[in-house]
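Colleague: With the hints as extra help, turn the sequences into a complete structure.
Keeping their order, the protein sequence lines are chains W and H. Under the numbering used here, the residues of the first sequence are numbered 15 to 491, in order. Under the numbering used here, the residues of the second sequence are numbered 11 to 236, in order.
Heads up, a few of these hints could be off.
As the list claims (entries may be wrong) - Simulated coverage check for chain H against chain W, where a stretch passes if three residues somewhere in it have a Cβ under 8 Å from a Cβ of chain W:
hint: 1; region: 45 to 59
hint: 2; region: 74 to 87
hint: 3; region: 141 to 147
hint: 4; region: 194 to 204
hint: 5; region: 226 to 235
Simulated from the structure, these hints should not be mistaken for laboratory data. Glycine is no exception: its CB is placed at the ideal position from the N, C-alpha and C atoms.
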Amino acid sequence: MSDKTINISDVVNLPLDLKEQKKALEQKSPAVVEGKVKVYDPNKDNVKNLLEMLKNKLSRQTVSSLVGCVHCGMCSESCHYALARPHDPTMTPAYKADQIRQIFKRYIDWTGRIFPWWVHAKTPKNDEDLNRLKNIVFGTCSGCRRCTLNCPMGVDTAVLVRLTRGLLTELGIVPEGVFVVDKDSWETGNQMGVSQEDYIETLEWQEEEVQAELDDPSFKIPIDKEDCDFMYTVNPREIKYDPRSIAYACKVFHMAGESWTMPSFGWDQTNFGLFSGDDKLGGYIAKNLYEAAKRLRAKRIVISECGHGYRSSRWEGYNWAKYKQDIPSESVLITLIRYINQGLIKVDPSRNPLSITYHDSCNLARSGDLTEEPRWILERICTDFREMYPNRSDNFCCTGGGGALSMVEYKPLRIEVAKVKADQLKATGAKLVCTSCHNCVDGLSDLIKHYKLDMQVVQILDLVAEALVIPEKNEKK
Amino acid sequence: MSEFLRILEDEVQIVALAFMATVYTIRLIWMFRFKAGKEITKPVGSPRVGVAYSMMNVAMPWAMESARKNLSFYVQFVIFHLGVLMAITATLILPYWPEFFESEPIVRIFQLFMGAAFAVGLIRLIRRITSPVMRLISTPDDYFSVALLTAWFAAGVFAMPNQYEVSEWPLILFFGMTTLFLIYVPFSKISHYLYYPFTRYFLGKTMGHRGVFPRKKGGEKPAGLE
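Modeller: As structure tokens, this is what we get:
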């Protein structure tokens, strides 16, 4: 562990890396050729284009947040970047939001157009300024919305950061990781570029695992089955790195006697459009999901454990896609509560004897509605649950939010500011930190490793699977 | 009372107020010309309750960590804004109901609030100048607005006895500043009170719809138990 702090100018002056963009152009990547993913063009008047797009993208909500800030500075005490770097005033959320606010003031607002110096209104001069803006909005904010909920005026800084990210994405002025994930999302329908073959094979593999565990060859993971009670959607990370979480969920559904299915396409409940600020991509991915449910005539959509996936699929996606919500959608947490409450599955808390604390994902607690649900389940599946402070909508980000995990160039800063979260975790004294978000699993794992905490990360489904009481006839002999 | 002071207290204020109201009206029309974001999902909570909660946030220091952890800052905020309220009230009462300020206790109450607000204004100004965070985010308008208000409170303290027969200068200063204030405010950050209902409404509506507002403290019934 090092106490060295990052020199912030090293972060905000990081050059625009175009290797992946060039590669995509050479390979005639369909998403690039069709103009779905934008590549940077130095010959274009990018500043002018950004200003034009800003005008068109503004809504009453964003304008009220742009004009409403009184620069009281209260947000500096709510942001983990600012708290971890008290010597660095550029970490203040109001400063980050001011990067777009000053453009708005110079180009659109009154006073700034007439007396720009009086309100610090200015437009970017060139692409270098836009690159600097990119590094601020992508590299120094995880969009956790903690400042939003702590702003006396109700200014939604996270929305302003996302708005700015969206404008830069349209110009191809984005971190490499964002470009790659956006491209993969458009081309494969999921953010990790998982092929349909890999997806199906992984499900079949997990099906065999559960069959072996339950000693029940009749167990199936139903794919594209019509007229089920619900369609289960997952995070591509589960397919690629954590397939056991799918097996756990499937086992629970099976034990509960559920009628359910998984779609062969439209299964990705995550949505990188939330992070890149690209509403078109957000709408495309979300619509795939909703259309899959409609195609299969599912009565519900159940979203696996993922903070931004839940926020995108349950809330933002319908708005991005302008898609009427005719099929209800819910987090798998609610499905689990129903099973436990109705006695459809039996759980034994003594099977999870280690001390467990719960980390609220920002997107579940501050931009969703799920704070009591995970706790209700935890109280029934473990014996030593202890709260983390602050918690619920006051909780600190895992520091991997906002797509930060895909932007490796900002990792040193991310890990430095993770000290706030590390201290919070350490204070619980728990052996396990449970979360309900795959992104948080990776964010927390990174900081646990760096700060050498004696702790492991688990998810609710891991613990439910552990506590699940399987009737004897199903137990493997 | 001289004719100059009478006109300054009455007609000039009315013209300045009308100017401010006109600019505000144009400002609101400008803001409403931007498209409205639409929420088309099925709600979990109530947008109305969310809006009410969001609007009342200012009076619930316990509901927001930034206020909860900085109670002295919150108290300063309350004093400062009560000072504004008292000063505005005084500009409306002095010209049309001067007898009201013949009561010494009333004069003292107004002076107390404005004096306290003046002190808070100074503290805020010092904070803005000395804190690196505040310096970085502050614009000339931020400094000028706080300085203007602070000076206005000081002028108010001296004007409250309304003893124009002794000297008109405190009143001329107070109403002169009020005029400047009314004309400047719509272009400055002081007009945040105009935006407050909107920012809080939009945030409250979204968060109420999603069930995030009112914020949960524990013990609420989870979904799925129906």
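Colleague: Indicate, hint by hint, whether the structure satisfies it.
Modeller: Here is how each hint holds up against the structure:
{"no.": "1", "hint": "45 to 59", "result": "holds (count 10)"}
{"no.": "2", "hint": "74 to 87", "result": "holds (count 8)"}
{"no.": "3", "hint": "141 to 147", "result": "holds (count 7)"}
{"no.": "4", "hint": "194 to 204", "result": "holds (count 4)"}
{"no.": "5", "hint": "226 to 235", "result": "holds (count 10)"}
The structure agrees with every numbered hint stated previously.
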